[in-house]
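Trainee: Add chain R to chain S, keeping to what the hints say.
Residues per chain are reported as follows:
2 protein chains.
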Amino acid sequence: MKFKAAVVVTLKESVLDPQGVTIKEALHHMRYNQIESVRLGKFVEISLDASSAENAEKLVHETCRKLLVNQVIETYKLQALSPVSQKEA
Amino acid sequence: MKFKAAVVVTLKESVLDPQGVTIKEALHHMRYNQIESVRLGKFVEISLDASSAENAEKLVHETCRKLLVNQVIETYKLQALSPVSQKEA
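First to last, the sequence lines map onto chains S and R. Numbering follows my numbering, in which position 15 of the first sequence is assigned residue number 15; successive positions increment by one, without gaps. Numbering follows my numbering, in which position 21 of the second sequence is assigned residue number 21; successive positions increment by one, without gaps.
Source of the hints: derived by calculation from the structure; they are not laboratory data. As the structure is a prediction and not an experimental result, all values here were calculated from the model. There could be a bad hint or two in this list.
[What the hints assert, rightly or not] Restricting the straight-line Cα-Cα distance to at most 30 Å, the calculated cross-link-like pairs of lysine-lysine (DSS-like) are:
| id | chain 1 | residue 1 | chain 2 | residue 2 |
| --- | --- | --- | --- | --- |
| 1 | S | Lys4 | R | Lys4 |
| 2 | S | Lys4 | R | Lys2 |
| 3 | S | Lys77 | S | Lys24 |
| 4 | S | Lys58 | S | Lys12 |
| 5 | R | Lys24 | S | Lys2 |
| 6 | R | Lys42 | S | Lys4 |
| 7 | R | Lys66 | S | Lys42 |
| 8 | S | Lys24 | S | Lys58 |
| 9 | R | Lys77 | R | Lys66 |
| 10 | S | Lys66 | R | Lys66 |
| 11 | S | Lys4 | R | Lys24 |
| 12 | R | Lys4 | R | Lys77 |
| 13 | S | Lys24 | R | Lys66 |
| 14 | R | Lys42 | R | Lys2 |
| 15 | R | Lys2 | S | Lys66 |
| 16 | S | Lys42 | S | Lys12 |
| 17 | R | Lys2 | R | Lys66 |
| 18 | R | Lys12 | S | Lys58 |
| 19 | R | Lys58 | S | Lys77 |
| 20 | S | Lys12 | S | Lys77 |
| 21 | R | Lys58 | S | Lys66 |
| 22 | R | Lys66 | S | Lys2 |
| 23 | S | Lys12 | S | Lys24 |
| 24 | S | Lys2 | R | Lys4 |
| 25 | S | Lys77 | R | Lys2 |
| 26 | R | Lys2 | R | Lys58 |
| 27 | R | Lys12 | S | Lys2 |
| 28 | R | Lys2 | S | Lys58 |
| 29 | R | Lys58 | R | Lys42 |
| 30 | R | Lys58 | R | Lys77 |
| 31 | R | Lys77 | S | Lys4 |
| 32 | R | Lys58 | R | Lys24 |
| 33 | S | Lys42 | S | Lys66 |
| 34 | S | Lys42 | R | Lys12 |
| 35 | R | Lys66 | S | Lys58 |
| 36 | S | Lys66 | S | Lys12 |
| 37 | S | Lys24 | R | Lys12 |
| 38 | R | Lys12 | R | Lys24 |
| 39 | R | Lys42 | S | Lys58 |
For reference, chain S alone in the conformation it holds in the complex:
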């Protein structure tokens, strides 16, 4: 069965985010002073093949821990995992 997973990877709260700060400052220069902070993360969309939703979930967590996420400074959340019909795939 085909599945599609959406994973959000964000920096831990305690970690400085210079990219986010730069975006915020750019917005302030554009007179959007109502913006108080911006933090930038990654959004990863994974298409995979697995025998069950359970296995698919396990596989996504494994890839996150082993490759996608640097757990020293980042956290991740599996936002969605849904089967894809063969027609769509």
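Mentor: Just chain R now, with coordinates in the frame of chain S:
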């Protein structure tokens, strides 16, 4: 009022994603052959000050169109917009 918005910025379907391909190939080297494709996007968390939820939403869309999103190759989705209690802020 303080609001927090979550925006997901992704490449359009028709646009090649070399970063995603690299991640997929790395996963294949690690024997995760069930992974069929990976696409990488951005996740932006914005904290802002606005008089109403409607104004907050308008502001987020404006910042997306004017700075955060390159609409030639990317699309974005406002995933969530919620008020933040003063205690949390």
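Trainee: Now look at each hint and say whether the structure bears it out.
Mentor: Verification of the supplied hints:
For the proposed pair lysine 4 of chain S and lysine 4 of chain R, the alpha carbon gap of about 27 Å is at most 30 Å, so the pair holds. With a C-alpha separation of about 34 Å, the suggested pair lysine 4 of chain S and lysine 2 of chain R falls outside the 30 Å cut-off, and the hint is violated. Between lysine 77 of chain S and lysine 24 of chain S, the direct Cα distance comes to roughly 24 Å. Compliance with the 30 Å bound is thereby established for this hinted pair. Only pairs whose Cα atoms come within 30 Å are accepted, and lysine 58 of chain S paired with lysine 12 of chain S is accepted, the gap being roughly 23 Å.
Under the criterion of a C-alpha separation no larger than 30 Å, the hint pairing lysine 24 of chain R with lysine 2 of chain S is consistent with the structure, at around 16 Å. Only pairs whose Cα atoms come within 30 Å are accepted, and lysine 42 of chain R paired with lysine 4 of chain S is accepted, the gap being roughly 17 Å. Pair hint lysine 66 of chain R plus lysine 42 of chain S holds up; C-alpha atoms about 20 Å apart against a cutoff of 30 Å. Restraint check for lysine 24 of chain S and lysine 58 of chain S: not satisfied, since their Cα atoms lie roughly 36 Å apart, outside the 30 Å limit.
Taken as a hint, the lysine 77 of chain R and lysine 66 of chain R pair is honoured in the structure, with Cα atoms around 15 Å apart against an allowance of 30 Å. Of the supplied pair hints, the one linking lysine 66 of chain S and lysine 66 of chain R is violated, its CA atoms being roughly 36 Å apart against a limit of 30 Å. Note on lysine 4 of chain S and lysine 24 of chain R: the hinted pairing holds, with a Cα-Cα distance of about 14 Å set against a maximum of 30 Å. Our distance criterion of 30 Å between C-alpha atoms is met by lysine 4 of chain R and lysine 77 of chain R, whose separation comes to about 14 Å.
The suggested pairing of lysine 24 of chain S with lysine 66 of chain R holds, with an alpha-carbon distance near 13 Å, which does not exceed 30 Å. About 23 Å separates the Cα atoms of lysine 42 of chain R and lysine 2 of chain R, which keeps this hinted pair within 30 Å; it holds. Of the supplied pair hints, the one linking lysine 2 of chain R and lysine 66 of chain S is violated, its CA atoms being roughly 37 Å apart against a limit of 30 Å. About 13 Å separates the Cα atoms of lysine 42 of chain S and lysine 12 of chain S, which keeps this hinted pair within 30 Å; it holds.
About 22 Å separates the Cα atoms of lysine 2 of chain R and lysine 66 of chain R, which keeps this hinted pair within 30 Å; it holds. For the given pair, lysine 12 of chain R sits about 28 Å from lysine 58 of chain S by alpha-carbon distance, which is consistent with the 30 Å threshold. A hinted pair counts as satisfied when its Cα atoms are at most 30 Å apart, and lysine 58 of chain R with lysine 77 of chain S qualifies at roughly 27 Å. With a C-alpha separation of about 12 Å, the suggested pair lysine 12 of chain S and lysine 77 of chain S falls inside the 30 Å cut-off, and the hint holds.
For a cut-off of 30 Å, the pair hint linking lysine 58 of chain R to lysine 66 of chain S is broken: about 39 Å separates their Cα positions. With a CA separation close to 37 Å, the supplied pair lysine 66 of chain R and lysine 2 of chain S exceeds the 30 Å bound. Pair hint lysine 12 of chain S plus lysine 24 of chain S holds up; C-alpha atoms about 18 Å apart against a cutoff of 30 Å. Only pairs whose Cα atoms come within 30 Å are accepted, and lysine 2 of chain S paired with lysine 4 of chain R is rejected, the gap being roughly 34 Å.
Only pairs whose Cα atoms come within 30 Å are accepted, and lysine 77 of chain S paired with lysine 2 of chain R is accepted, the gap being roughly 24 Å. A hinted pair counts as satisfied when its Cα atoms are at most 30 Å apart, and lysine 2 of chain R with lysine 58 of chain R qualifies at roughly 14 Å. Pair hint lysine 12 of chain R plus lysine 2 of chain S holds up; C-alpha atoms about 21 Å apart against a cutoff of 30 Å. The straight-line distance between the Cα atoms of lysine 2 of chain R and lysine 58 of chain S is roughly 37 Å, outside the 30 Å bound, and the hint therefore fails.
Our distance criterion of 30 Å between C-alpha atoms is met by lysine 58 of chain R and lysine 42 of chain R, whose separation comes to about 20 Å. Note on lysine 58 of chain R and lysine 77 of chain R: the hinted pairing holds, with a Cα-Cα distance of about 13 Å set against a maximum of 30 Å. The suggested pairing of lysine 77 of chain R with lysine 4 of chain S holds, with an alpha-carbon distance near 18 Å, which does not exceed 30 Å. Distance restraint check for lysine 58 of chain R and lysine 24 of chain R: the Cα-Cα separation of roughly 36 Å exceeds the 30 Å cut-off, and the hinted pair is therefore not satisfied.
Restraint check for lysine 42 of chain S and lysine 66 of chain S: the C-alpha separation of about 16 Å stays at or below 30 Å, so the hint holds. For the hint pairing lysine 42 of chain S with lysine 12 of chain R, the CA-to-CA distance comes to about 16 Å; that is within 30 Å, so the pair holds. For a cut-off of 30 Å, the pair hint linking lysine 66 of chain R to lysine 58 of chain S is broken: about 39 Å separates their Cα positions. Pair hint lysine 66 of chain S plus lysine 12 of chain S holds up; C-alpha atoms about 18 Å apart against a cutoff of 30 Å.
For the given pair, lysine 24 of chain S sits about 25 Å from lysine 12 of chain R by alpha-carbon distance, which is consistent with the 30 Å threshold. For a cut-off of 30 Å, the pair hint linking lysine 12 of chain R to lysine 24 of chain R stands: about 18 Å separates their Cα positions. With a C-alpha separation of about 23 Å, the suggested pairing of lysine 42 of chain R with lysine 58 of chain S holds against the 30 Å cut-off.
The structure shown violates the earlier hints numbered 2, 8, 10, 15, 21, 22, 24, 28, 32, 35.
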